[in-house]
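Asker: Fit chain B to the given chain A structure using the hints.
There are 2 protein chains.
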Amino acid sequence: MITVAEAQARCLALAAEVSLPSEQVPLADAAGRVLSAPARATRAQPPFSASAMDGYAVAATSVAPGDSFEVVAEAAAGHAWGGALKPGQAARIFTGAPVPEGAHQVVIQEDVSRDGDRITLLPSLGNGPNIRPLGADFGMDHSLTAPRRLGPAELALLAAMNVPEATVRMRPKVALLATGDELVMPGGNPGPDQIIASNVFALKAMIEAAGGEATIMPIAPDREDALQAIMEDMRFADLAVTIGGASVGDHDLVAKVGARLGLEQSFYKIAMRPGKPLIAGQFGEGRPYLGLPGNPVSAIVCGYLFLVPMIRQMLGESDVLPAPLTARLAAPVGANGPRAHYMRARMHEGTNGREVTAFDRQDSSLLTVLSEANCLLIRPAGDAAQPAGAAVTVLPT
Amino acid sequence: MITVAEAQARCLALAAEVSLPSEQVPLADAAGRVLSAPARATRAQPPFSASAMDGYAVAATSVAPGDSFEVVAEAAAGHAWGGALKPGQAARIFTGAPVPEGAHQVVIQEDVSRDGDRITLLPSLGNGPNIRPLGADFGMDHSLTAPRRLGPAELALLAAMNVPEATVRMRPKVALLATGDELVMPGGNPGPDQIIASNVFALKAMIEAAGGEATIMPIAPDREDALQAIMEDMRFADLAVTIGGASVGDHDLVAKVGARLGLEQSFYKIAMRPGKPLIAGQFGEGRPYLGLPGNPVSAIVCGYLFLVPMIRQMLGESDVLPAPLTARLAAPVGANGPRAHYMRARMHEGTNGREVTAFDRQDSSLLTVLSEANCLLIRPAGDAAQPAGAAVTVLPT
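Protein sequences appear in the order of chains A and B. Take UniProt numbering: the last position of the first sequence gets the number 397, and nothing is skipped along the way. Take UniProt numbering: the last position of the second sequence gets the number 397, and nothing is skipped along the way.
One should not assume that every hint holds.
Which copy is meant is left open, so a pair is good if it fits within one copy or across any two.
With a straight-line Cα cutoff of 20 Å, these simulated EDC-like cross-link-like pairs (lysine to aspartate or glutamate) come out [stated by the list, open to error]:
no., residue 1, residue 2
1, Lys269, Glu110
2, Lys173, Asp29
3, Lys173, Asp117
What the hints contain is simulated information worked out from the structure, not anything from laboratory work.
Isolated chain A (complex conformation) (with noise of 0.2 Å):
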């Protein structure tokens, strides 16, 4: 058996095998989708020194209450006026409006009384110049670095910088495959000897959510000749995913009919729970293969530990395992064995930050409590029993 820890670091090394290609997308379509190359602006940011206010430009380096100026012009957003002001002289402007040559701060127009072309400053002068210099957000030489996941601000940045495709890495097409003659797909009929097909739509989400595609495969009963011509269909997967049929039981077929498909196999078994028994390697051609164990939450619970950041590794990112946060128990819980445990467990904000209770229930089937569940808290192998208010790991789901 090996440790968590090592079975992600070998997981990842078969992912980090596959070189999937950059596409261009608008984007109005690259929310989630990650940055593959770095992107560079075509302008600076404001490409003008810009008025911050509604209010009036004016040609003076210092100014005080009373102060009297001719308004001799106008600037709005995106009507620049061409002129340049003399000393003495005042533009109206607008927020957005490129500040005219010779101006040198911008009066807001509560500070300001008119009468007709003429402007005094009143005493509630403020003192700010009120000008977005040009270049202040980013200049012509900017450049948003890659990899890097693209979110709301990225994509407004990246429209500033007039950058109206992203280069992304394309998304790893996942071919997922839930094996066992006891697997029904939701709406059918099982028999009394049947149950439903669950994981796999837990985990296309978490495929999807990850940046990837996921494509559900027929369920594969246990026969040899129709499991593996099943398999040979996920050829076209940059990762392929079996969901059962990977423990030792005698009608457990994946291993035996993945061999005889140039499946390597790279481990078996992990000292967790749940989730034991799961296989890595590679799947022909090196694009990288996974094994999930059949049982529902040690599927899921393995999707978060080991396929997603799979997938993230595939999109080029760095950082992709899960990330550990510390939280403190609300009540204790028992000595755990020799294998580290993630239970599930449910995190909330306390008064002195985050507090975690396990569930009672921890069996693998327990789909209702997983669902109830928002966090995995890891108890490592061996752990003692720990007290309410211990400081434990949490990995938020």
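Answerer: Structure of chain B alone, referenced to chain A:
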């Protein structure tokens, strides 16, 4: 001026008047959608008492090392054995298989020695029944309550309940209109006094992440007739959002043209930085309207505080406002002015929980700063200077 909390309450009241229909969506496409009606299980899970391990189901209420059984049958997942075990009999059984009638526990295969059709229990014998009782996860009457955002675990749970399609609230259609003669779309050819429209890309990403469907309208120039024509084209939307043109400048036409189109304006100025100029109201036929400030950072911050909660409200969710977290200041901050300040800041996990550092540059035009931020640090109106280590409130972005 009204407070942020009051403005949020008014925005949510406007959104609450919208009643969106529901639709049926296959589970594979339902991630992130909001369940709008309770889903009821059409079967229990497991639907039979199932073996949790590979081993032998034995017909004995208590067992001890040395006990011996005759193997008379086999049961695998999806392949029940229809018979009943008599005392002294056992069935070979695999994980997920129905436990035969007459069996009281499953002995794992590692705890058994087998000789032909006879098994003998070994000294390593564990004490678990290794059986998942019928309905241990959920019973036939189980219901997944609504409203509820469907994440991976909920999708797996619905599948296991044999609910093939989720009843979800339809996505609210949101029209996004950037206004101003100074704006050009990315990839365009801006004049020397123009800038690139950027906010709409950030807002579209935020709307879609919240579960809405965003349409970017053509940029509206600062001419009443053109603005009116485009605003009329926004009537298809469940929520109309304009950006810019909402302050008191002579060139800010949105309120004027909006009034002509039946816009009822609910409020105007909020005691906050950034984002003071904000309009909310109804845009004909009781559909909400939101007018955001034009500065990129102001628009995006107001998006987090007002727009996203409105969308979540329209989707029927509860607790739709962004959840504040407590953090400690990693560096001191100066006194705040008379308006609540939502400072761009970066939060990280310190040794004693969350720490947060506000950026030095807080001008509402700085997208580079916003793209480095991962939270907003809330400074209450009139807040005194705070030392490093002080407890503050942040909103993750």
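Asker: For every hint, state whether the structure bears it out.
Answerer: For each hint, the structure was consulted:
no., hint, verdict
1, Lys269 to Glu110, "between (72 Å within a copy, 16 Å between copies)"
2, Lys173 to Asp29, "both (18 Å within a copy, 16 Å between copies)"
3, Lys173 to Asp117, "neither (67 Å within a copy, 47 Å between copies)"
In terms of the numbered hints stated before, the structure departs from hint 3 and from no other.
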